[in-house]
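Novice: From just these sequences and the hints, can you work out the full model?
Heads up: the sequence lines are chains Z and H, in that order.
For the first sequence, my numbering gives the first residue as 1, with consecutive numbering after it.
For the second sequence, my numbering gives the first residue as 1, with consecutive numbering after it.
Keep in mind that the hints were calculated from the coordinates and are not lab data.
One or more hints might be untrue.
Put simply, identical chains are the same to the list, so a pair is met inside one copy or across any two.
[What the hints assert, rightly or not] Listed below are the simulated SDA-like cross-link pairs for lysine to any residue, each with C-alpha atoms no more than 20 Å apart in a straight line:
no., residue 1, residue 2
1, Lys269, Arg198
2, Lys206, Asp146
3, Lys269, Ser225
4, Lys206, Arg158
5, Lys249, Arg205
6, Lys249, Glu157
7, Lys249, Arg198
8, Lys269, Arg283
9, Lys206, Arg334
10, Lys269, Pro284
11, Lys210, Asp146
12, Lys249, Thr259
13, Lys290, Ala44
14, Lys173, Arg41
15, Lys210, Thr163
16, Lys249, Ala63
17, Lys249, Glu161
18, Lys136, Glu157
19, Lys136, Thr291
20, Lys249, Gly117
21, Lys269, Ser281
22, Lys206, Ala250
23, Lys4, Asp64
24, Lys206, Tyr169
25, Lys136, Pro289
26, Lys210, Gly145
27, Lys269, Arg25
So you can see what is in the structure, the chains are spelled out below.
Number of protein chains: 2
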Amino acid sequence: MTDKVRLASVGLGRWARVLARGAQRGDVIELASCFSRDADRRRAFQEEFGIPRGAATYEELLADPEIEGLIVTTPNDTHRPLILQALEAGKAVYTDKPIAHTLEDAVAIAEGVRESGRAFAVGHSARRLAGARMMKRWIEDGSLGDVSLAEANFSNERGLELTPNTWRYFADKSPGGTMIQLGVHHADNLQYLLGTVRTVSAHARKLYTKAEVPDAVMAILEFESGPLGYIGCGWASPGIYTLNLQGTKANLRYDLDFTHWDESQHADKHSQLYSQAYGESERPRVDLPKTDMFREQLEEYALAIRGEAEVEVGAVEAIRALAVVHASLASSERNGEAVALAELIEAAGADTVVGQGR
Amino acid sequence: MTDKVRLASVGLGRWARVLARGAQRGDVIELASCFSRDADRRRAFQEEFGIPRGAATYEELLADPEIEGLIVTTPNDTHRPLILQALEAGKAVYTDKPIAHTLEDAVAIAEGVRESGRAFAVGHSARRLAGARMMKRWIEDGSLGDVSLAEANFSNERGLELTPNTWRYFADKSPGGTMIQLGVHHADNLQYLLGTVRTVSAHARKLYTKAEVPDAVMAILEFESGPLGYIGCGWASPGIYTLNLQGTKANLRYDLDFTHWDESQHADKHSQLYSQAYGESERPRVDLPKTDMFREQLEEYALAIRGEAEVEVGAVEAIRALAVVHASLASSERNGEAVALAELIEAAGADTVVGQGR
Numbered sequence: 001m002t003d004k005v006r007l008a009s010v011g012l013g014r015w016a017r018v019l020a021r022g023a024q025r026g027d028v029i030e031l032a033s034c035f036s037r038d039a040d041r042r043r044a045f046q047e048e049f050g051i052p053r054g055a056a057t058y059e060e061l062l063a064d065p066e067i068e069g070l071i072v073t074t075p076n077d078t079h080r081p082l083i084l085q086a087l088e089a090g091k092a093v094y095t096d097k098p099i100a101h102t103l104e105d106a107v108a109i110a111e112g113v114r115e116s117g118r119a120f121a122v123g124h125s126a127r128r129l130a131g132a133r134m135m136k137r138w139i140e141d142g143s144l145g146d147v148s149l150a151e152a153n154f155s156n157e158r159g160l161e162l163t164p165n166t167w168r169y170f171a172d173k174s175p176g177g178t179m180i181q182l183g184v185h186h187a188d189n190l191q192y193l194l195g196t197v198r199t200v201s202a203h204a205r206k207l208y209t210k211a212e213v214p215d216a217v218m219a220i221l222e223f224e225s226g227p228l229g230y231i232g233c234g235w236a237s238p239g240i241y242t243l244n245l246q247g248t249k250a251n252l253r254y255d256l257d258f259t260h261w262d263e264s265q266h267a268d269k270h271s272q273l274y275s276q277a278y279g280e281s282e283r284p285r286v287d288l289p290k291t292d293m294f295r296e297q298l299e300e301y302a303l304a305i306r307g308e309a310e311v312e313v314g315a316v317e318a319i320r321a322l323a324v325v326h327a328s329l330a331s332s333e334r335n336g337e338a339v340a341l342a343e344l345i346e347a348a349g350a351d352t353v354v355g356q357g358r
Numbered sequence: 001m002t003d004k005v006r007l008a009s010v011g012l013g014r015w016a017r018v019l020a021r022g023a024q025r026g027d028v029i030e031l032a033s034c035f036s037r038d039a040d041r042r043r044a045f046q047e048e049f050g051i052p053r054g055a056a057t058y059e060e061l062l063a064d065p066e067i068e069g070l071i072v073t074t075p076n077d078t079h080r081p082l083i084l085q086a087l088e089a090g091k092a093v094y095t096d097k098p099i100a101h102t103l104e105d106a107v108a109i110a111e112g113v114r115e116s117g118r119a120f121a122v123g124h125s126a127r128r129l130a131g132a133r134m135m136k137r138w139i140e141d142g143s144l145g146d147v148s149l150a151e152a153n154f155s156n157e158r159g160l161e162l163t164p165n166t167w168r169y170f171a172d173k174s175p176g177g178t179m180i181q182l183g184v185h186h187a188d189n190l191q192y193l194l195g196t197v198r199t200v201s202a203h204a205r206k207l208y209t210k211a212e213v214p215d216a217v218m219a220i221l222e223f224e225s226g227p228l229g230y231i232g233c234g235w236a237s238p239g240i241y242t243l244n245l246q247g248t249k250a251n252l253r254y255d256l257d258f259t260h261w262d263e264s265q266h267a268d269k270h271s272q273l274y275s276q277a278y279g280e281s282e283r284p285r286v287d288l289p290k291t292d293m294f295r296e297q298l299e300e301y302a303l304a305i306r307g308e309a310e311v312e313v314g315a316v317e318a319i320r321a322l323a324v325v326h327a328s329l330a331s332s333e334r335n336g337e338a339v340a341l342a343e344l345i346e347a348a349g350a351d352t353v354v355g356q357g358r
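Specialist: What follows is the structure in structure tokens.
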């Protein structure tokens, strides 16, 4: 590609580097600028990724006519103002998941996207893992039969290590703890695979973390299409990433060694998908093609800026995933009683946004 | 053992044969008689297991002074009258799980046991699988650290094959479907590992079975000790038997190829227990000793009749497991709202029984 899409990184922490490496594995994207308030961090990021310039202020970055879009990895509760300002300045925006920390902020972002007409993508990358793609194929071609149960777990030890030095420690910045940081991935995966969630029954507990947020959440999802889904997520144990589907014709079990999550070009080497057919106890391994979720989602976003691709996960899908998180917290406060996603989405004013499709 | 404990099989179907084979793998038990209303079935059973006599009526069996105890594998809804009659006749009773189909029947049985003073055992054999025993050891010796999440699944395709010719088809005989037949095993396993359940939030669905009962159930368990537990059980997919614990120091993942469940002397050859330590992504396999759950539970019961052993799973433990089943169904009717086990146990009049310990 001779005329690369020129993007700028905003929020230059660990995840900005993971995504910058993903972008630079292809030849679609040029990282043309970056911004952090911290000048040392900015210079280090420029040097690490060979980025020609860095903006001293966010306004300076947004005024740069060369920059077509942003890659935002700032704390969840800063998404709304940063993204709206960027859209108003005519920039496209990719933001890491969740779209925002509250549904109200997510709706404001969705409305900003609609008004601006700019490309907008949310980093629900996990649905791009080869295992998830293969599951989708087995559902669509009928190989699984009718799915009755879908179980997912995403856990790690982060909650045991949180200190007040990180925003994830605080309930007002990261409500739901492990559920909004980890569980939200499966909230998207499961809706990608099985369609829209109708209700969520959940219990959230703060057991062993010193942070203000839950480190143990279990949620039962009722899908519009009939099946039941489950998301377990913990922040007080070694890492787990699993996704299992039970169908009338076969089961599929996916297991990713999540310690390799950051290097998505290698994720498939550290993951397994097993199938089990009706009447069989053998579980042959299903071959998975090589994928690279971070590179792929960023290139899709970059091409969408030029009108050459469509964004798979935009505001609507991201709001549906976030709504599962907040429905889990609301249900837990109601002693597990099922909370309808429509109730929360309507309360946040998102029904018109979500009702319109992407 | 020169003077074997003389037992009689009652209800001579598939499961009676599984247990008879288990009993005959050791030299503690002598199968001395058997009973089924069907004379052909009785003679075939006598022949298959070399049993000297068969009773033409249940009364004839109970009047046989040689018989010290029964092995009951009749339909769940027949447990109460058959067991109470046997206890009144001075016989000890082993019954397959669940103890009964309703908590009211279970309480009546528990009271009959208490009044009779006879040995009584319920076949919650799954806690004797080597993987469950090893998990218990890791919890007790501190190797797991503090457990936050425990997830279990027991599923098979039975619901797709049920016809009105079997009692499991009917809601009044097998309330809860897959939950009372399969999930009840994990209701016992999880309480064995983590202590008493306080509340259950659940959803039960009848999706693809023609039977009257649910073929998809998901339940979230809140333990008195703090952690959250999950039981998933389906009756409309290939077989699954898993049990996973997440602790602050390690995770344990247990997986049994359930198609070998019937031959418990081989179950360990078809099961794996994997550990994952804090900070590690490797999951070394944990060596499991050879066990034989059916033989072991029957021999324990037989020795308890002679006062030479104590029954591990009696009426109290079995009522607690059954209460999880009924709490799941009650919660599902209340849209997932958590149902306290104490509420159901009290309503069934079992609080005095359960309160007293075994």
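Novice: List, from low to high, the hint numbers that the structure doesn't satisfy.
Specialist: 1, 3, 7, 13, 14, 16, 18 and 20
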